[in-house]
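Visitor: This is what each chain is made of:
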Amino acid sequence: QSALTQPASVSGSPGQSITISCTGTSSDVGTYNLVSWYQQHPGKAPKVMIYEGSKRPSGVSNRFSGSRSGNTASLTISGLQAEDEADYYCCSYAGSSSYVFGTGTTVTVL
Amino acid sequence: QLQLQESGPGLVKPSETLSLTCIVSGGSINSRSYYWGWIRQPPGKGLEWIGNIYYSGSTYYNPSLKSRVTISLDTSKNQFSLKLTSVTAADTAVYFCARGNGGSYFHDYWGQGTLVTVSP
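Residue numbers (the working numbering), protein chains in the order written: chain C, 1 to 110; chain W, 1 to 120.
Because the hints were derived from the structure by calculation, they are not lab data. Here the structure is a predicted model, which is why all the values come from computation and not from measurement. For glycine and all other residues, C-beta sits at the position ideal for the given N, C-alpha and C. Hints may be right or wrong, so weigh each one.
Derived CB-CB ranges, DEER-like [unchecked claim]:
| no. | chain 1 | residue 1 | chain 2 | residue 2 | range |
| --- | --- | --- | --- | --- | --- |
| 1 | C | E85 | W | R68 | 16 to 26 Å |
| 2 | C | G59 | W | P9 | 46 to 56 Å |
| 3 | W | G103 | C | T31 | 17 to 27 Å |
| 4 | W | Q112 | C | S2 | 21 to 31 Å |
| 5 | C | S9 | W | N78 | 33 to 43 Å |
With the sequences and hints as input, model every part of the structure.
Guide: Here it is as structure tokens:
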């Protein structure tokens with residue numbers, strides 16, 4: 001059960017769109033469309049932004065969207081805002097009631 | 001509003017057992033709709049899933065930690081616990097407890113996290 005692969009950092013200017021990738025295997029992302037995405041500000045607990053690949057919990061901005069293609073899931077943030085600057089982690093169900101997190105991506109708003 | 005709060009020693013000696021408790025308020029842990037889990041984050045590093053426990057008492061652990069981990073439920077106190085044996089410096093991390101949404105496979109409520117340092 002290896003960590004899912006994410007880019008270490010992604011940056012963008014206010015108002016732009018950015019996409020964070022999350023690459024797994026046929027044992028996790030590729031088989032289960034059960035990827036969740038978490039936003040984590042420094043010193044804080046993670047907050048779920050996307051679940052089941054593309055669903056947004058109540059209260060999460062519609063600027064956040066998720067998708068999947070093959071073994072790779074993606075999180076897109078549109079209309080980038082200063083408050084979006086944070087670390088983002090993907091997490092996939094991996095069968096047999098187990099989970100695997102991604103390596104994490106730091107989003108910088110220029 | 002559901003709240004989770006981790007509690008336990010912030011310092012543990014190498015080779016000893018790390019023990020943490022997650023106190024749940026604002027909701028019952030005795031629900032078929034949810035599971036309860038532990039996730040950790042070494043300083044400056046990423047999140048690592050440790051394991052989950054369901055209302056039935058069934059447990060599931062990260063294979064890399066399975067031989068050292070035990071998660072248990074105490075429904076009478078509305079809390080659940082983590083024990084990690086034979087700790088080393090590599091187990092130094094912020095430990096989060098969280099509720100899992102059983103139908104949708106994600107963690108929807110998290111505790112604030114507690115730093116546990118393994119040091120002599």
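Visitor: Each hint: holds or not?
Guide: Verification of the supplied hints:
1. E85/C x R68/W: 16 to 26 Å: The hinted range 16 to 26 Å is violated for E85/C and R68/W, with Cβ atoms some 36 Å apart.
2. G59/C x P9/W: 46 to 56 Å: violated, 35 Å
3. G103/W x T31/C: 17 to 27 Å: holds, 18 Å
4. Q112/W x S2/C: 21 to 31 Å: holds, 29 Å
5. S9/C x N78/W: 33 to 43 Å: holds, 40 Å
Going through the hint list in order, the structure does not satisfy hints 1, 2.
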